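J.: Below, each chain spelled out in residue letters.
Protein chains: 4
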Amino acid sequence: MVIHLKNTTPEATANEIGQQLQASRFKEGDHFVLVAPFALKSLPESISQHVEASWPMDSDIQLASKSYKNELRSIKWGNTEIGGKTQNTVVIAGPCSIESWEQIESVAKLLKSLNISTLRAGCYKPRTSPYTFQGLGLEGLKMLAEVRRQYGLNIITEVKDSSHIEEVIEYTDIVQIGAKSMYDQSILRRCGEIRKPILLKRGFGTTLQEFVQAAEFILSGGNPEVILCERGIRTFETKTRFTFDLCGAAWLKQHTNCPVVLDPSHAMGYAYGVPDLAKASVAFGCDGLLIETHPNPKSAKSDAAQQLDFEAFTNLMTHMQKIAGAVGKQLI
Amino acid sequence: MVIHLKNTTPEATANEIGQQLQASRFKEGDHFVLVAPFALKSLPESISQHVEASWPMDSDIQLASKSYKNELRSIKWGNTEIGGKTQNTVVIAGPCSIESWEQIESVAKLLKSLNISTLRAGCYKPRTSPYTFQGLGLEGLKMLAEVRRQYGLNIITEVKDSSHIEEVIEYTDIVQIGAKSMYDQSILRRCGEIRKPILLKRGFGTTLQEFVQAAEFILSGGNPEVILCERGIRTFETKTRFTFDLCGAAWLKQHTNCPVVLDPSHAMGYAYGVPDLAKASVAFGCDGLLIETHPNPKSAKSDAAQQLDFEAFTNLMTHMQKIAGAVGKQLI
Amino acid sequence: MVIHLKNTTPEATANEIGQQLQASRFKEGDHFVLVAPFALKSLPESISQHVEASWPMDSDIQLASKSYKNELRSIKWGNTEIGGKTQNTVVIAGPCSIESWEQIESVAKLLKSLNISTLRAGCYKPRTSPYTFQGLGLEGLKMLAEVRRQYGLNIITEVKDSSHIEEVIEYTDIVQIGAKSMYDQSILRRCGEIRKPILLKRGFGTTLQEFVQAAEFILSGGNPEVILCERGIRTFETKTRFTFDLCGAAWLKQHTNCPVVLDPSHAMGYAYGVPDLAKASVAFGCDGLLIETHPNPKSAKSDAAQQLDFEAFTNLMTHMQKIAGAVGKQLI
Amino acid sequence: MVIHLKNTTPEATANEIGQQLQASRFKEGDHFVLVAPFALKSLPESISQHVEASWPMDSDIQLASKSYKNELRSIKWGNTEIGGKTQNTVVIAGPCSIESWEQIESVAKLLKSLNISTLRAGCYKPRTSPYTFQGLGLEGLKMLAEVRRQYGLNIITEVKDSSHIEEVIEYTDIVQIGAKSMYDQSILRRCGEIRKPILLKRGFGTTLQEFVQAAEFILSGGNPEVILCERGIRTFETKTRFTFDLCGAAWLKQHTNCPVVLDPSHAMGYAYGVPDLAKASVAFGCDGLLIETHPNPKSAKSDAAQQLDFEAFTNLMTHMQKIAGAVGKQLI
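Residue numbers (the numbering used here), protein chains in the order written: chain X, 334 to 665; chain H, 334 to 665; chain G, 334 to 665; chain V, 334 to 665.
No lab work stands behind these hints, which were simulated from the structure alone.
Errors might be hidden in some of the hints.
Treat identical chains as interchangeable: a pair holds within one or across any two.
With a cut-off of at most 27 angstroms between alpha-carbon atoms, the simulated BS3-like pairs for lysine-lysine come out as follows [what the hints assert, rightly or not]:
#1 Lys399 <-> Lys572
#2 Lys631 <-> Lys399
#3 Lys418 <-> Lys529
#4 Lys374 <-> Lys634
#5 Lys655 <-> Lys418
#6 Lys572 <-> Lys374
#7 Lys374 <-> Lys631
#8 Lys572 <-> Lys402
#9 Lys529 <-> Lys399
In this text the structure is predicted, and so the values were computed from the model without any measurement.
Okay, chain X solo, but in the shape it has when bound:
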């Protein structure tokens, strides 16, 4: 149950009630919000005098649920906004991994030329083998900060594990929680304490229920800016890297108040399919896309097969613009 306490309720009382109900608690504007386990179906008498409003829930999808707040959350970074009252579809693009200054600068120039405002690039790579490239780490983050300074781009990069979360929070505009770390509660809870947008990727073995419950860890910490990202789930089909779950994305749009970003690059795993999937995503009505592009995909140190070269990416942007127009959305 989500409970808005009256703005006259003092912190000490809010704390007490929170403990009594085993609820999460955070401040929003002038009042406290409590989130009790959904098993709580009615308010204890003793508390009712402090309650402004309350929403009983039928699962632990609570703050993210449309039953609680029907309007899509507005998420802002730099001059960019998605969700809220906008009809924006943001394109977030860049290489899988930052590999060198030359590489990332060439991507930055491409993005500027296409009026794209947000650059993605991995610094800490959650590789499944210890015997492959593991990313540039902090050095990469510093290069990204320099890209931001020189080119005015916003930066998003992924937290792989909690050992480097503070670095990622410091250097980026959006914190991306990766598919392999989305159950990590120390990361989720830390992201609940800050006020930057969090892009939460769905694990490839994660149900929609668990996915949104992970978002609840962040939201119930007091950070309202959560973006949900579908990036493919693991199924019996192995001719493609993963299976892009657009049905799941439709469920998220219908049942949650968080903007939904789609990542066709990781879902497909092969560049040949990315343009068609990206076009489909725009027509689907997503709030944003993550697309991998690299100046020379064949030589990429990770995910070589799935990154678009600059020509294919530029071409795709033209098509996506047209489709966005056809569905009443604005590509930004």
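Fit chains H, G and V to the supplied structure of chain X, relying on the hints for placement.
T.: Just chains H, G and V now, with coordinates in the frame of chain X:
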């Protein structure tokens, strides 16, 4: 290996070679085509004098493979064509099951008003429980024939098992092989002997490799008109009925020469998500869509949750027209 | 709802009630049994005078449910019995496909020497590619009949599609419905009309609910002898052919009254793992096992990788005997 | 490629070679071991003088591969040993979560009475909802240490995220890496630096390849004591909590040199199926089992449905003893 024999090779010789190579054999135009298991990598000397051309293959996806024929197959029924040199996206619509003359006539009128030429409706329902509605059977087929006569619509309906295949072949313009019967070789082989378009649905537990191999049963029987239909696969996610495998569809577009039709209604299982998925499918560049619509979905005898009412369907058509225009396709 | 009518209720009345309730109907002993859709929760007043007993159900798993009959069904063929009051675990063994008389006779001799009474061998192979060995068909069935005559073995073989069901019914002691044809209602319904044991294999993409519902097609036709066979489901793991669903088998044991046979050979797909899985199956407490063995697996025309040679199979039998003893079961 | 350097090769040279080959490096006995990416198929000339032996590999499963070391690794803690030359099957039992001193002491007494030497209990619970019980944390670890002191039991508990890894390392005899944190490289690498056995659980969406690659992070850090634990994977079947992948376990036994422990409790998710699955696991020939037992499962704060009560657990132990005897194993 696919082998085109010379047009001078007599049938008896073609037969002999076919037996020697354990190959399927059919006549195409003026010559015979043999399809030997892909393990055959080079032609025996003794045969070469009869061979016009040959294509070694790396799996038993042979006739359907772009390595054999790169151009998309053209499939025609009535005045409708998809694939080939067209940029057509066909919309095939109608209820899950034909339930009564009133019901199917109201759908027919809707389709005519929207310039849709092909009506879908199930007569033999492959229900998983013996205790639910099993379809109108032959009576339904006869109603569909009457709809064709009165409204000039083309008809597609599904074969559930081989006991009624002759009836379906007789009464329909396109024969649909259902997801639950796509491994049935008596159906597949029979469909290889006729010359009507076959819409082959992917089983929900079927790999892409097996799916296209099922198409090979039809193609190697001599019927070149196979349409592949992705309609959702079964995964761990159960908040939606199935998981729509657009990555798989991208693989089919890249590797096969058969037109690809998408069925967002069965994939999603809930009407709320169908319009967004259908719009995505058009932008994706599919050759056609199957969409379920019913005059009164709540009272439908099967698949009540996923059928669009007429207003939602009409509305969706308008949106899909615009998207088709944006991607250079024509909605028919 | 399952309904036992009084033994005084005449057939005409039983028919009438059946139609009124949209129920399946069959005769069991001296009375009629009706099975109405589970949505029916209480009996109409007008019928009650004809009803001896009734069982409301919470899903369309009805006749197979322990809520209806708690005792395990007894299934008998030849001198063999499983289920019922026995503690028997039957071993059914043989090659994937019958390939020649020499091959099948060598298997028959092995089985006799090991006191195994039931021989499995496929005649109609549901291969996924049209370009591979499709089985000996009727010729194979006749060889199996000759094996039965000469060696006194019981025979089980698989129905691939409904075109040859009558042949299989005629020649075998147990009819096996294959994983790829278990949704075929013409097969299921035909098996409901006969009185031979039916071994129903779970499709590799089939939920437990659907699996048991398929059994209901047979049971509600009046044939009480259904054996459920788990043979591996399709998952994201592809290092093994399928994933052996022992959890699912545990669910079947807990919730249904049908004996459960396990098929480790198809689940694993590789001979190296079959003995450990077979031993596990015996300790698990299954009612039977299907195990593939072949005189020379490397030269087998189908499933070459997963068949045990005679030495490995003989060795396995010794181990399974010991385990059966340890869990209070008798290997037959 | 795994490379054993000569014992005369000094550390500086080993380092240099390691960097040249982009290899992991650790000391084993008197020599250094390097693990280069498997793409390296032959040794550079310049290095050969320093190489004692080398093993080219065909995937990044290297140190764990039977191609490198064929003998099963021996893992020891307290007086307990599994793997190596033993035929031991260890039973590790206890509640899902430690909840109170009374609870854990009652379990400890049960284990002592059954001659079980290792107690499992979670302190940090990786729950998927922020609104449920999250575990006793450090307080729980201290209770477990007290249990060890008073009852002489070995302790295993799970690392949920890297924030508390040092505490778990300090207080336990075996460090368990949970299914949801098995991709966390900071945890994996830290476990590679210590010399306690690590029980690595397979993620429920994790392929066998990725699973063993995660083990490689630990092994290539220099800790040879890795136990692999299969605990159920996520599939389309939801009537049980997960699907127990015994086929996968058979693959692990065949291809890796790490002992395999099975966890039927988490796989099944329901107490009714755990005994049959546990018995199957013993007959399968696993090196150990994790089984959840709780003095009063109905009141458990987590995983209430799947924990055995003491009577059921005691009963199961008797059966498992007999089966172990039948397969030549010793239950410890």
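J.: Decide, hint by hint, whether the structure agrees.
T.: Hints versus structure:
| no. | hint | verdict |
| --- | --- | --- |
| 1 | Lys399 <-> Lys572 | between (36 angstroms within a copy, 16 angstroms between copies) |
| 2 | Lys631 <-> Lys399 | between (44 angstroms within a copy, 24 angstroms between copies) |
| 3 | Lys418 <-> Lys529 | within (20 angstroms within a copy, 50 angstroms between copies) |
| 4 | Lys374 <-> Lys634 | between (52 angstroms within a copy, 19 angstroms between copies) |
| 5 | Lys655 <-> Lys418 | both (21 angstroms within a copy, 23 angstroms between copies) |
| 6 | Lys572 <-> Lys374 | between (46 angstroms within a copy, 23 angstroms between copies) |
| 7 | Lys374 <-> Lys631 | between (56 angstroms within a copy, 21 angstroms between copies) |
| 8 | Lys572 <-> Lys402 | between (40 angstroms within a copy, 21 angstroms between copies) |
| 9 | Lys529 <-> Lys399 | within (22 angstroms within a copy, 48 angstroms between copies) |
Checked against the numbered hints given earlier, the structure satisfies every one of them.
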